[in-house]
Amino acid sequence: MLLIPCPHCGLRDEGEFTYGGPARTLPALDQDTQVWRDAFFAGQKPPGPMTELWYHTSGCESWIEVTRDTATHDILNSNTPQSKVDTP
Amino acid sequence: MAYSGLSLLSHALTGNKRWPAILSTPDMRSSYDIVIIGAGGHGLATAHYLAANHGITNIAVIESGWIGGGNTARNTTIVRSDYLLNSSFGLKNFALKLWSDLTQDLNFNLMYEPRGYVDLAHSDGELEHFTLRANAMRLRGGDADILTGQALQERVPELDFSGDKRFEISGALVQESGGVVRHDAVAWGFARKASTAGVHIFQNCPATGFETEGGKITAVQTPQGRIACKQAFISVAGASSAVAGMAGINLPLNSINVQAFVTEPVKPALDAVVNYNAGLSYISQTDKGEFVLGGATDGYSSFARRGSFERIEDVLARAVQMFPFLTRLRLMRHWSGTADIPMDGNAIVGRTPIEGLMINAGWGYAGFKATPAVGWCMAELLATGKTPDLIAPFALERFETGAEQDDGGIGPYPWLH
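Going down the list, the protein sequences come from chains G and U. Here the first sequence is numbered in our numbering, starting from 1 and rising by one per residue. Here the second sequence is numbered in our numbering, starting from 1001 and rising by one per residue.
Isolated chain G (complex conformation):
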């Protein structure tokens, strides 16, 4: 079970959240197909820390950015979205 530290609401159970996948920035519109394919589809990172998006559905109803180790489930950091990310 994950306990996710929401920057607005504090430590909350994973059941309150909806997963949004890895945080990503989409390429410029004039990039070619391969760049878009990689941005959209590829990009499973190896086991270890990954920055991802979670939506606090049963709380503040905000997107938050969480850095989590996918091998151990340790949560290293959480914040309001820092980079220019595209929410799903």
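Please keep in mind that the hints were generated in silico from the structure rather than gathered at the bench. Please note that the accuracy of each hint is not assured.
Unchecked claim - Simulated DEER-style distance windows between Cβ atoms:
1) G:Met1 - U:Leu1008: 44 to 52 Å
2) U:Asn1053 - G:Arg24: 39 to 47 Å
3) G:Ser58 - U:Ser1123: 18 to 26 Å
4) U:Lys1165 - G:Pro27: 41 to 49 Å
Where is the CB? At the ideal position from N, CA and C, for every residue including glycine.
Assemble the complex: chain G is given as a structure, and chain U must be docked to it using the hints.
Below, chain U without anything else, positioned relative to chain G:
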């Protein structure tokens, strides 16, 4: 040696002390025609059909763990072909035909039981969609029925229709040819048959790298030495992104945890496989009497092989909605595995950008049922160089060309498939 009633009897007379080992333990050669990476069901089925259908036996199958130690023996043993898309239905229905004769073909008791798969709908809209799917299946020669009310109650007498339910049962799609197969026997049955035909199988032997020359595969590196090969085939389920990564291929996969559970054994109470669709919870009873339960993925990227309690509660709550008597049972075992789920929720089968290197990945938690069909088709591709029609829609290129095979209409969210 073929297994038979007579062999059982003769070995019983000698105290079962003289059974030969199932696998031979050959020395590794420095080169093979084909190296198969991953001795799971899919990889071993490919080795078997290469030998049986195409007469190719100069094959090495290398496995980082042991036979029956991966997802082949971690699933909930269900086989079925109730899919809407032509591509998904075609491959899985071909597998269902192969399952029915496989025990005889392999001379190994897979305990295939077509006990029926019952997929529950919880609203009129959902039942209409199930009817569409059932009709699509029937048009393509599959078996599917829609049961409602009394007919469904008679098919699954233990199913609870009573009371004021949050998600009422409005009907079900029933596929009578669906059922269960003893999963570890699938791995061992294919391994034994392939090994007898002359295929070399090496356990505790991971792939550690690939060698290419001019965009063509030339060798696979292992801790036990370099194996030169004309072709190689990656079929490693949860490790797909890591192994394909060694060849410089970035697969559109997400690794997500999936859990399964087994209760203590009781007398026979349920003779079908039943799936609850408001959320996901599927259940069947083994011959030993245990109930086997599974559900959706944990819902987020993970390599931890450690389940979330959130999902355990979720799966069991739904199972109890179907069968309230389950509240009296305790869980005896519980495990999880890493599922490799692509962006469209469907598998990636066929060629890679590297000539001679083939891939079979992305089956997520839905690959067991397709085992013999994937083996059959991959063997044909490896032997003839032509991609069989059944696997053509699952090519890796589809993510660039936009030909995604999204059965559930879910979109590019692997954790929701």
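How the hints compare with the structure:
no.	hint	result
1	G:Met1 - U:Leu1008: 44 to 52 Å	48 Å, holds
2	U:Asn1053 - G:Arg24: 39 to 47 Å	43 Å, holds
3	G:Ser58 - U:Ser1123: 18 to 26 Å	23 Å, holds
4	U:Lys1165 - G:Pro27: 41 to 49 Å	47 Å, holds
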